[in-house]
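So the sequence shown is numbered by our numbering: it starts at 1 and just counts up by one.
FYI, nobody ran anything at the bench for these hints, they're computed from the structure.
Given the structure is predicted, the values throughout are model-derived calculations rather than measurements.
The beta carbon of each residue, even a glycine, is placed where N, CA and C say it ideally should be.
It cannot be assumed that every hint is accurate.
Unchecked claim - Restraint-style ranges between C-beta atoms, simulated for each label pair: (1) 194 to 28: 42 to 52 Å; (2) 72 to 292: 37 to 47 Å; (3) 36 to 267: 18 to 28 Å; (4) 234 to 149: 33 to 43 Å; (5) 76 to 234: 44 to 54 Å; (6) 72 to 258: 37 to 47 Å; (7) 215 to 29: 19 to 29 Å; (8) 170 to 138: 40 to 50 Å; (9) 127 to 262: 29 to 39 Å.
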Amino acid sequence: MKIHVLGSAAGGGFPQWNCNCEMCAGYRANRIRATARTQSSIALSIDGISWILFNTSPDIRQQIADFPALQPNRELRDTGISQIIFMDSQIDHTTGLLMLREGCPHSIWCTEPVQRDLSENFPILTMLQHWGGNRINTIPVDGYEPSSFKIPGFETLEFTAVPLLSNAPPYSPRRDRPDPGDNIGIRVEDKSSGQSFFYAPGLGQIQDHLIPLMANSDLLLVDGTVWRNDEMQQRGVGTRLGTEMGHLPQSGEGGMIELLSQFERPRKVLIHINNTNPILDEESSERALLTEQGIEVAFDGMSIEL
């Protein structure tokens, strides 16, 4: 399996266009050693030709420009994008679908709550019917139990959707009271090689059934949004805790570092990094602590092969 990180930042990217926090201002003034990032998305392929997108960020046009494998190179008009999986219905994970309207219909995989949001509350699926619409495939959800599914053209891969305790988007009527399927993680196993990875850019709480699933994966690409639970308050840019937004902080008791420290097998990579997070500064003490713990920080253009 070939995994390519198209974007590694949380909503707004880094630096965020309207933010003058310590990280964003430090980057613009060259006071910190950091790398700009677009909004979170990854791509997956078996052969390097046909790719599955996990989310379509508002930065999708730039991400395609930076990744030739997705560009037209066979027909007068074509793309390497074969399928699209939505992990949730967040604006920063789905708006890019509007930028792909000339290529409709796309084959989209999502849960029923996500399809409902994207048809009624943030109706991009409804809007895109004017460009030929999209083929919607429903990812099965059974409470908070994992459920497997297959994607045509990727027969050697088994996909397991894992409903997560996170949150619905601010625009959703289910905000702060999400249904199972509003947020999912996905484990992908290549049955031909036995290699697997788990992707969860929005992970608010750790349920018991996640532990063996994560422990038995070869790669974890998981929520790295905030360092501290009160980071938005500390930086003066918001009032909500990370966990209230649906993101487990890295530090503190029960945080992501503590969770990942119990796993020996997987390679551990944080993704979906908020512009306020001090780990963006490659010379920070927080970044050094991650390195000591064997935890990496994803960056745009990062490629991993399993």
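Structure-based check of all given hints:
1. Hint check: residue 194 to residue 28, Cβ distance near 45 Å, so the stated range 42 to 52 Å holds.
2. Taken as a hint, the range 37 to 47 Å holds for the pair residue 72 and residue 292, whose Cβ atoms sit roughly 44 Å apart.
3. Between residue 36 and residue 267 the Cβ separation comes to about 24 Å, which falls inside the hinted range of 18 to 28 Å.
4. For residue 234 and residue 149, the hinted distance range of 33 to 43 Å is satisfied, since their beta carbons lie about 40 Å from each other.
5. Under the hint 44 to 54 Å, the C-beta atoms of residue 76 and residue 234, about 52 Å apart, fit the expected range.
6. For the hinted restraint 37 to 47 Å between residue 72 and residue 258, the CB-CB distance of approximately 45 Å keeps it satisfied.
7. Distance hint check: the CB atoms of residue 215 and residue 29 are about 42 Å apart, inconsistent with the given range 19 to 29 Å.
8. Range check, residue 170 to residue 138: about 24 Å between beta-carbon atoms, so the 40 to 50 Å window is missed.
9. The beta-carbon spacing between residue 127 and residue 262, approximately 44 Å, falls outside the hinted interval of 29 to 39 Å.
Against the hints set out earlier in the document, violations occur for numbers 7, 8 and 9.
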